[in-house]
Amino acid sequence: NTKITQSPRYLILGRANKSLECEQHLGHNAMYWYKQSAEKPPELMFLYNLKQLIRNETVPSRFIPECPDSSKLLLHISAVDPEDSAVYFCASSQDHDNSGNTLYFGEGSRLIVV
Amino acid sequence: QQKVQQSPESLIVPEGGMASLNCTSSDRNVDYFWWYRQHSGKSPKMLMSIFSNGEKEEGRFTVHLNKASLHTSLHIRDSQPSDSALYLCAARKGYNKLTFGKGTVLLVSP
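Respectively, the protein sequence lines represent chains A and B. Residue numbers 1 to 114, in the numbering used here, belong to the letters of the first sequence in order. Residue numbers 115 to 224, in the numbering used here, belong to the letters of the second sequence in order.
In short, the hints are calculated from the structure, not lab data. Positions of the beta carbon are idealized from the N, C-alpha and C atoms, including for glycine. Some hints could be false.
[What the hints assert, rightly or not] Quick list of in silico lysine-lysine cross-link-like pairs, DSSO-like style, CA-CA up to 30 Å:
#1 B:K159 x A:K40
#2 B:K170 x A:K3
#3 A:K72 x B:K207
#4 B:K207 x A:K40
#5 B:K170 x A:K40
#6 A:K72 x B:K159
#7 B:K156 x A:K18
#8 B:K159 x A:K18
#9 A:K35 x B:K207
#10 A:K51 x A:K35
#11 B:K211 x A:K3
#12 B:K181 x A:K51
#13 A:K3 x B:K156
#14 A:K35 x B:K211
#15 B:K170 x A:K51
#16 A:K40 x B:K211
#17 B:K156 x A:K51
#18 A:K40 x B:K117
#19 B:K207 x A:K3
#20 B:K181 x A:K40
#21 A:K72 x B:K156
#22 B:K181 x A:K3
#23 B:K207 x B:K159
#24 B:K156 x A:K35
#25 A:K40 x B:K156
[Stated by the list, open to error] A partial selection of chain A residues facing chain B, derived with a Cβ cut-off under 8 Å:
#26 G100
#27 E107
#28 G108
[Unchecked claim] Among the chain A residues that face chain B by a calculated CB cut under 7 Å, a handful are:
#29 P41
#30 T102
#31 F105
Based on the provided sequences and hints, a complete structural model is requested.
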């Protein structure tokens, strides 16, 4: 799936800071960050629509999202914790408020905290 | 809180066999259901969606929805080893966030 690109694909961190990047080429208005831990379904972290933060789920403050434009999404992570080891998926949909819109996922960024 | 229950947790079917997966929402106001397939180490990919009562078929895949019981099922006929994956059911109520079930792990044995 090259329509939603994420980088880096793999990340090994101690307690350093790092940013995940995502860009979608689908012309969608809504962009999301999901976290998928081992043996669990994806869990919503943040939702942006047209650069505006719409949903901010219960996420530790060390995760800070940024949406510089409607096709790009960043996730800044500081002082990671071992529980942060997971795959972080960027996703997008046409709009956030049309309940029939399908969600499309990027290939994910696998974070390993050492 | 909206919950999506999937069964079975795991399933083994022989190559060429039929796989049947189930999903039920506990929220009576759920409007839309999706089925996603996630191969190991990959991202979830939307397989099928169903919004109305009845049945929808696409190739080897058939989805049923009963809105009265908030139950959807996915049936895969002529299962192939490449169908081995985690199948996630997702449901949405109005403008609420999409809620995923815990998934069914399907293994198709050659």
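Cross-check of the supplied hints:
1. At most 30 Å may separate the alpha-carbon atoms for a hinted pair to count; B:K159 and A:K40 meet this at roughly 16 Å.
2. For a cut-off of 30 Å, the pair hint linking B:K170 to A:K3 stands: about 27 Å separates their Cα positions.
3. Pair hint A:K72 plus B:K207 holds up; C-alpha atoms about 27 Å apart against a cutoff of 30 Å.
4. Between the alpha carbons of B:K207 and A:K40 the distance comes to roughly 21 Å, so the proposed pair stays at or under 30 Å and holds.
5. For the given pair, B:K170 sits about 28 Å from A:K40 by alpha-carbon distance, which is consistent with the 30 Å threshold.
6. Under the criterion of a C-alpha separation no larger than 30 Å, the hint pairing A:K72 with B:K159 is consistent with the structure, at around 20 Å.
7. As the CA atoms of B:K156 and A:K18 are separated by approximately 22 Å, the hinted pair is consistent with the 30 Å bound.
8. Between B:K159 and A:K18 the CA atoms are separated by roughly 27 Å; this keeps the pair inside 30 Å, and the hint holds.
9. Between the alpha carbons of A:K35 and B:K207 the distance comes to roughly 21 Å, so the proposed pair stays at or under 30 Å and holds.
10. Taken as a hint, the A:K51 and A:K35 pair is honoured in the structure, with Cα atoms around 20 Å apart against an allowance of 30 Å.
11. Distance restraint check for B:K211 and A:K3: the Cα-Cα separation of roughly 22 Å lies within the 30 Å cut-off, and the hinted pair is therefore satisfied.
12. For the proposed pair B:K181 and A:K51, the alpha carbon gap of about 35 Å is over 30 Å, so the pair is violated.
13. Between A:K3 and B:K156, the direct Cα distance comes to roughly 15 Å. Compliance with the 30 Å bound is thereby established for this hinted pair.
14. With a C-alpha separation of about 14 Å, the suggested pair A:K35 and B:K211 falls inside the 30 Å cut-off, and the hint holds.
15. Between B:K170 and A:K51 the CA atoms are separated by roughly 35 Å; this puts the pair beyond 30 Å, and the hint is violated.
16. Between A:K40 and B:K211, the direct Cα distance comes to roughly 17 Å. Compliance with the 30 Å bound is thereby established for this hinted pair.
17. Taking the CA atoms of B:K156 and A:K51, the gap is near 27 Å; set against the 30 Å cutoff, the hint holds.
18. As the CA atoms of A:K40 and B:K117 are separated by approximately 14 Å, the hinted pair is consistent with the 30 Å bound.
19. Distance hint between B:K207 and A:K3 is fulfilled; the C-alpha atoms sit about 27 Å from each other, no more than 30 Å.
20. Under the criterion of a C-alpha separation no larger than 30 Å, the hint pairing B:K181 with A:K40 is consistent with the structure, at around 26 Å.
21. About 21 Å separates the Cα atoms of A:K72 and B:K156, which keeps this hinted pair within 30 Å; it holds.
22. Between B:K181 and A:K3, the direct Cα distance comes to roughly 33 Å. Violation of the 30 Å bound is thereby established for this hinted pair.
23. Taken as a hint, the B:K207 and B:K159 pair is honoured in the structure, with Cα atoms around 21 Å apart against an allowance of 30 Å.
24. For a cut-off of 30 Å, the pair hint linking B:K156 to A:K35 stands: about 14 Å separates their Cα positions.
25. The hinted pair formed by A:K40 and B:K156 meets the criterion: a straight-line CA distance of about 14 Å does not exceed 30 Å.
26. Checking A:G100 against chain B: minimum C-beta separation of about 6 Å stays under 8 Å; hint holds.
27. Using the Cβ-Cβ criterion of 8 Å, the hint placing A:E107 at the interface with chain B is satisfied: the shortest such distance is roughly 5 Å.
28. At its closest, the beta carbon of A:G108 sits 5 Å from a beta carbon of chain B; the interface hint therefore holds under the 8 Å criterion.
29. Using the Cβ-Cβ criterion of 7 Å, the hint placing A:P41 at the interface with chain B is satisfied: the shortest such distance is roughly 4 Å.
30. Against a cut-off of 7 Å between C-beta atoms, the interface hint on A:T102 holds, since the closest Cβ of chain B lies about 5 Å away.
31. Below 7 Å, beta-carbon pairs count as interface contacts, and A:F105 has one with chain B at about 4 Å; its hint therefore holds.
The earlier numbered hints that this structure contradicts are 12, 15 and 22.
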